[in-house]
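Use the sequences and the hints to build the structure in full.
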Amino acid sequence: MDRGERTAYVTIVRKEVVRIFRIWSQTLLPSVITTSLYLLVFGKLIGSRLPLEQKVNYLQFISPGLILMAVITNSYGNTSASFFGAKFSRSIEELLVSPMSSHTLILGYLTGGVLRGVFVATLVSLVTYFIGGNLELRHPFWALVILLEVSLFFALLGFLNGLLAKDFDDINFIPTFFLTPLTYLGGIFYSMDMLPPWWQLLSHFNPVYYMISSFRYALIEAGEDTIMLTFIFLPLLLTLLYFASYYLVQKSSALRH
Amino acid sequence: MSSWALEVRNLRKVYENGREALKGINLTIPIGDFFGLLGPNGAGKSTLISILVSLTRKTEGKVRIFGVDIDEDFPLARKKIGIVPQEFNFNIFEKVLQIVANQAGYYGLSYRQAKERAEYVLQELQLYEKRHEQARVLSGGMKRRLMIARALVHDPAFLILDEPTAGVDLELRRQLWHYLEKLNAQGKTILLTTHYLEEAESLCRHIAIIRDGEVVACKDKKSLLAMLDTTTLVLELERPLKRQISLPGVSVNQIDAETIELTFPSRVPMSKIMKLLERKQISFCSVKNKTNRLEELFLMLTQKEESHG
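So the protein sequences, as listed, match chains A and B.
With our numbering, you'll find the first sequence wraps up at 265, consecutive numbering, no jumps.
With our numbering, you'll find the second sequence wraps up at 310, consecutive numbering, no jumps.
In case anyone wonders, no lab produced these hints; they're calculated from the structure.
Glycine included, every Cβ here is placed at the ideal spot set by N, Cα and C.
Fair warning: there could be bad hints in the mix.
To be verified - Quick list of the computed label-pair ranges, beta carbon to beta carbon:
id: 1; chain 1: B; residue 1: Tyr16; chain 2: A; residue 2: Leu145; range: 49 to 57 Å
id: 2; chain 1: A; residue 1: Pro38; chain 2: B; residue 2: Trp178; range: 36 to 44 Å
id: 3; chain 1: B; residue 1: Trp178; chain 2: A; residue 2: Ile31; range: 36 to 44 Å
id: 4; chain 1: B; residue 1: Ala186; chain 2: A; residue 2: Thr247; range: 50 to 58 Å
id: 5; chain 1: B; residue 1: Pro76; chain 2: A; residue 2: Trp207; range: 50 to 58 Å
id: 6; chain 1: B; residue 1: Thr60; chain 2: A; residue 2: Leu152; range: 20 to 28 Å
Unchecked claim - As a list, the in silico DSS-like pairs of lysine-lysine whose alpha-carbon atoms are at most 25 Å apart:
id: 7; chain 1: B; residue 1: Lys81; chain 2: A; residue 2: Lys259
id: 8; chain 1: B; residue 1: Lys131; chain 2: B; residue 2: Lys144
id: 9; chain 1: B; residue 1: Lys144; chain 2: A; residue 2: Lys95
What the hints assert, rightly or not - Covered by chain B, per the in silico footprint, the following chain A stretches (three or more residues, Cβ under 8 Å):
id: 10; stretch: 12-20
id: 11; stretch: 98-109
id: 12; stretch: 256-265
Structural data, given as structure tokens:
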């Protein structure tokens, strides 16, 4: 990446960060509030009465999943909304007429998505800490790697959604009908042992299950250790999605007729 | 080094729905020119401009910007162009300075350079006082100027303006004309599309008329206007006419008692018309061209084509 491309990349990232903080009540606050409510209602009130065959309490058990859910929602939402917004207002043309390469454009938006994921993860972790999740960091390196990989993965999915979307309904369709069900059924609130065998089997086809499970294991060493599986397969998916995005930016009529 | 700011050879564009927007266009614009591109709606002007700035993919043909082939070195070609599109295409929630400085950043200017350069162009376009305002609060004219500022922030050698004065009041339009003339005098090549034909007549040195994806005329302004066969003058008379008059070689149309229209071949010198009027003892207090000359030519060329079709 030459100096001009680097400057263009930094400009997109700066613009994205300014946007995140300019509309912080839409980008940062909602996850803090929903996580607080989940922790209070499920963690404190209901969770204390649930039988959990784990060495951690229920509040600790759900905290990693809640952090990752916030990361997934925000990384995805940032790139899809920001990129589609730029397409809708046609301000994307500012980037398309400039000398920057498609790689710079994609990486700039992805970094914006990852940064929002990281900001929200930090805030949600603080909430978890203060509400009493007593969050541990058993494997900080792996926790960070998984968090970044997951954030990047969903930022890429969001970018693809924003790229292909034709109206605002298309932006809401994937999160409502795919992302939310997969996340909720990914084992944030329950342990696999609590499910009937058929449901357990089905859950193993849900990619979000492995992400949550790995992140939980990296933080509190509870549940199934799927770190290596996530660490190996997620980069493969990331590479695939990245090149799909690059191809679409270069060749499809989504941006250039 | 090429002596052309723009060379377009056999440029074709066929959209996915099969519509052929450009049918093998050839066009050259000399460096330092003020070039007008005219044509009715849907003629292919915006498609051509979109191809030049990489917003649309061409189907066939070659485009060179200052000798740089857009297929071979697109970053260099794009650096040489500044584009002012027809429609507002900035994020209205961003601040004015941010919009312009970001654009500079996309062109590779460091944050400090981008800010300095953005402040400079905003001053030039009298938007400096508004630099910390969100773009949505600007008036229509200010938004137009913002788009020009944004196009100029990386100091391009070639400025493309797609109907920059659409919906702008007369005073601001004149200001923009002066500013564009100043930029051209500083050496920037300008390509202008406009619906205000007097704008093209007043500013441009060369003009191309495009219709149905084909260039139907491309000449220097003088030669183009010489293509007009007739001239029509409207005369406001000092005294009302008592009876119908006739002048040899001139078609006279009496609008009312004090207004007449004279239509005559363009090659007839004006002095001869004046003598004919004098001989008939017709004195007038004002005279004007019935229509803008370029407008007349524009209609002639585009309608001619229509009748062929």
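(message) For each hint given before, does the structure comply? Return the numbers of the non-compliant ones in rising order.
(response) The structure breaks hints 2, 6; every other hint is satisfied.
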